[in-house]
Each structure stands twice: as structure tokens, then as C-alpha cells.
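Residue numbers (the numbering used here), protein chains in the order written: chain A, 476 to 823; chain B, 93 to 385.
Hints were generated in silico from the structure; no laboratory data involved.
Misleading hints may appear alongside valid ones.
Below, in silico cross-link-like pairs of lysine-lysine (BS3-like), each with a Cα-Cα straight-line distance of 25 Å or less [to be verified]:
| hint | chain 1 | residue 1 | chain 2 | residue 2 |
| --- | --- | --- | --- | --- |
| 1 | A | LYS808 | A | LYS821 |
| 2 | A | LYS794 | A | LYS808 |
| 3 | A | LYS821 | A | LYS794 |
| 4 | A | LYS606 | A | LYS595 |
| 5 | B | LYS329 | A | LYS570 |
| 6 | B | LYS276 | A | LYS606 |
| 7 | B | LYS189 | B | LYS276 |
| 8 | B | LYS329 | A | LYS577 |
| 9 | A | LYS595 | A | LYS570 |
Here the structure is a predicted model, which means the values were calculated and not measured.
Residue-level listing of the chains:
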Amino acid sequence: MAVVTLNAVGKTYPNGFEAVKPSSFTIADGEFVVLVGPSGCGKSTLLRMVAGLEEITAGALQIGEREVNDVDPADRDIAMVFQNYALYPHMTVRKNIGYGLKNRGTSTDAIEAKVQEAAKMLNLTELLDRKPSQLSGGQRQRVAMGRAVVRDPSLFLFDEPLSNLDAKLRNQMRIEIKALQRRLGVTSIYVTHDQVEAMTMADRIIVLNGGEIEQIGTPAEIYHSPASTFVASFMGAPPMNLIEAWIEDGAVRVNDGTLLASSGNRTVGPVHLGIRPEDVQLAENGQIPFDISIVEELGARRLLHGELGGQPFTVHVGKDVPATAGQTTVHLKPESLCFFDPKTGKAT
Amino acid sequence: MKRAGFTTVWLPVALLLPQLSIIAIFFYWPAGWAVQSSFYLQDPFGFGSTFVGLDNYTDLGRNTEYLRIAWFTVIYTCLVTFFSLAIALLLAVKADKVIRGARTYRTLLMWVYAVAPPVAGFMGIMFFDQRTGPITDLFQTVGSDFKLGVNYTDTATAMVIAAVWKQIPVNFIFFLSGLQSIPKSVNEAAIIDNRSATGRFWQVTFPLLAPTTFFLLIINITYALFDTFGIIDTLLKGEPGNNPMTLVYKVFLDGFRGNDLGGSSAQSVILMVLVLILTVFQFRLIERRIHYT
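Only chain A is shown next, with the shape it has when bound in the complex (with noise of 0.2 Å):
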């Protein structure tokens, strides 16, 4: 257990090219942080750099009081669960999770009583004496977690460790991880870049993109107040709404006209609005037109994709409001709007 500290870390490869911007933040201790954004965004190259698979060429990376830039990997008290699982082919489930203690010097009593304990913990008992090639998928994942458990680390690592896994069983998995983590309260840092994922599991989400942070909060702050546009549409299925329009005279008006949103005490000029899908609401005799072109229909909720002011729009209701293809009004929740500069696309 252990906090963790970036203090301008950055990766620039010897080609010039600089997949992570120097980042700074403090994960606390026993922390989930969950690293999300788009394949390309340097999440992964972050996170091999806290592992030490890949080398820090600026800043510095504390792990607890120790500045761990030029600490080997096995010696940075870290467990790291890989994508593909990372197993070891030719060994039984119990030398795969024993591996890392036996190295460490660990009695043989003592890994045996420890993998038994991690195995009862992951529903694995059964399997010790099988090879990775005659478990499921959802069992190797559970001998990779099991791997990182048994060593007791001060730090877990998780890469995209889902992203094998088929849809019914990763969400299953993603309640065992988080409640592991919070079992056995071991700071950890988790990269993904499926923001459902990132919203349920995180304590704080960090946003990346392009090998810069976008944003760093909770997840309802990420979800309600995105920090740009790119937050607001990367996060949220379906994406925020954004329109472009223009403040004038204390009002947001979309090109057309129509009268949006007061727009208070905030400069004169073009702006991008948000609002979430949600928090739009169809109204009988509301004020802003909306065409709805196509209706989906997902059981629980209805998704109404048209256009507002001409520009593509989609609201997002519950199953017991009716709604046809064709024009209607809606309300915005004035205390759910975003407003973003159109040129930084940072909100305002």
C-alpha cells in the first residue's frame, strides 16, 4: 500500500516522437485510478513507465517515499496484470502464481500456504495443478489476478485486462477486481479505454488524450462537468450533445434563432453548448424545436437521435415517455449545461 507520485513524467522516444506529455498527480493510497482514453492517447505507455517497462525520460516517479525511476521492475513492489494474461505456458495454475515469491526468496511452506489462500480467494483450489492451455478465459484472468495477489504488492497495475474477455463476463469480472481492490486496499492504477469500465470501477478518472491529461476527477465530476469537449464526448454512451451557437445580449441562440439558454455574465461570441441526452426533456410546449429522425428503442430506455437548430442532437428517455419520429419541442436543464470554447475546446 502505498501513494504514489508523478511529478512531470513524460516519454519521449528516441525518434522525437513524445507519446506522454510531462503529467503530474498523486494517487492515494489504497486508491482505484482508472486511465482512460482512446487507443494512441499514451495510456498504456504510462502505465508500463510506473511498472518500469518502459523507461521515464523526464520527471520523476515516487512509489510510497521512493523515487523509483532507476529501480528494476521486480524490485518496485508492484503486480501487473497484462491484457493476454501473460501466463506462463509450460507451468501448473500453482508455479504460475508461486513464480513471482519463489524469486523473491520466499520459503517453500510459505508459497505453498500463500497461493492456497489466494486460490481459495479467486475460486481457483480446483485448477492448481492445471496449465494455463486447459483453462477458460475468465480462469486464466483469474490465475493473472491471482499472480498479482499472492505477492502482496504495495501497487497493482492492470492493463486493459477485460479487453479478452466476452461481454456477459466482463462485467462480472469487473465487480470481482473492484472488490478485491477493495478488500484488500492496494493503491492501483487501471488503464482502459472503455469508459463504462472507467466510470464503474474508478474512484478518480484521468482522462488522457494525444499523451496529454485532459482531466482528472471523480467519476460524477468527469461525467457532469467535462473539463473540454473531448471529455464530454469521450465519456458517456451515448456522447453529450454538443451544438454550436453564439451568446449574445445574455442568450445562447443556435444559428437559426432559437433561443437556447441564458447565457448569464459570459462573454459575447461563439461558444459550444453541451448537455447531456439525459438531461434534455421533451416538453408539449416547450421553446427549441427538435426533429426526431430515428427512434431506438433499448428496453429500459429509449435513445431519440434528430436535430437541433440543424445540428445532429439526441435525447435520451425512459421507457414510459412515448415518442414517434417526427417534430416535437424540448426543455434543457439549464443546471446541466456545459459551455466550451469552440477554439481550446476547454469549457468555460
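Keeping the supplied structure of chain A fixed, place chain B upon it in accordance with the hints.
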């Protein structure tokens, strides 16, 4: 699931026939002849033969020269196999880590593969030449007088070096592709689990290379036993004298130089049985310990 099958008998037979006839004509027929003629004593000028039973075999058992050559063959095979595997593995492990110019580096290492065994032997002669050979010069600088074709040990050393040098590229290619088929993340997991690079190699990398190593072991033993004929022939320049040679070369000498076809057939049969035993042994004892992914 629907099982595909042939509706007639003759079609699969016809499809197998070319392969089967090649095996029959080029392998079983000559082997059969060898077995048969090993029981006869042939007239050197081809005027007939006499049935002598097992005499050819019992003669070999009493022939100290034959036993000496058999013993040399065993040592020679072990040395060639061990060194060509070990050096190739070392080169492959190192080449696997090269990032810049990796392709060029690998191609250069594979080049020797294209060299034919007699050419390898000829190059050995040039390297070990009494007057101009650079390796002979090298030995001289450390005070050793290297005499190819005169001194038994020196000739044996040259044979082993030329044979190993010729075989390294083949092993290198297989080892390298074996190394590259090990998932990167498995190596990375090992880096986190084990501080020692040597430990990681012997506990993770090497076991995962075992299928490749086993395959190469068989290939290399066969190579050392049979395919080094060209190297030996060239290095000895057809003048065996008191020099070391392998069993296969002895078969050739007795049969075609000594015109003792019966004796040399008996030697071939012994070699065949030897290879058979070796193969059974390899599959029974070693393959069981190998993990195939």
C-alpha cells in the same frame, strides 16, 4: 459437424501413390538391398558374390579401427550438435534484442546457410592451411603448431569447427523465430516476477523454446552423423590416412575405395539401426518433457 470423406477407394490411393512410390523407390528399396548385400561377400571386380551370413557384422565387431571410428563419431556428433546449438542460441538471444539494423544483422547471420558442405570444407582448408591459413597463424601466435591432415586432434578440431560453422545459421533462424513467438507480455511478466535475467532465461524463455530445441536436436544429430560427409571429404582431400573420420565416411571408403560392398553394407545397416534407436529414444524420453503451446 459434417465429416468430409472420399466416396471411392482408388482416389485417396492415387493421391498417396506418388509420395509412397518415392519413399519405396528411394528409401526402402536401397535399404533392402543394403540389408541383403550385408550378408554377402562381393567380388571386387563384380564377378559374383558368396553368402557369408553374419560374417560381415562379426568382423566389424572385432575390427578395432571400426570401433575407434565409431567412438570418434559419437564424440564428433556430440561436439558438433552441442556447439552449433549453443552458439546459435546465444546469437539468437542477442539478435532478438537488437533494435537498430535488426534485419541487416539477421541476414548477415543467415548468409552462411547458403554455403554447401564441400564449400564449407574447402573454406576450412583455406582457413587452416599450413602456410597461409589465418586460423593456423592464430594458433601459432599462442605457441601451438596446427597441422591439418597430419595431426589427428588438429584435423578433428578443424572438422568440428567447419561443421559447426556451417550449421549455426539453420539453428539461428529456428531459435530466432522461436524466441519471437514468445509473447512479449510473458517476458514482461517475468521481468516483474524475477530480477535475474539469467534466471528468466532458464525458467521462462528456455522452457518455451523446448519444442524448437528438440526439433533442432534431432536435425543436428542427423546433420553431424550424415550431412557433414562433404566437409570431411574435402578436409581429408580423399587421403584418410591416419585421420579421424565418421562412420558414414567409413562406409564410403570401404565400399567405393576398398571395394568391400558387403562390409560397407553391413556398416550402413548398423547406421540405420542406430538412427532408429536414437529416434525412438528421443521421442520416448525427451519429447514427453516438452510443453507444446
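These are the hints, each one checked on the structure:
1. A:LYS808 to A:LYS821: Holds: LYS808 (chain A) and LYS821 (chain A) sit about 21 Å apart, inside 25 Å.
2. A:LYS794 to A:LYS808: Judged against 25 Å, a Cα distance of about 20 Å means the pair holds.
3. A:LYS821 to A:LYS794: 34 Å, violated
4. A:LYS606 to A:LYS595: Answer holds: LYS606 (chain A) to LYS595 (chain A) is near 18 Å, not above 25 Å.
5. B:LYS329 to A:LYS570: 56 Å, violated
6. B:LYS276 to A:LYS606: 19 Å, holds
7. B:LYS189 to B:LYS276: The hint holds at about 12 Å.
8. B:LYS329 to A:LYS577: Between LYS329 (chain B) and LYS577 (chain A) the Cα gap is close to 57 Å, so the pair fails against 25 Å, i.e. violated.
9. A:LYS595 to A:LYS570: Roughly 15 Å between the alpha carbons, so the hint for LYS595 (chain A) and LYS570 (chain A) holds.
The structure does not agree with the numbered hints 3, 5, 8 stated previously, though it agrees with the rest.
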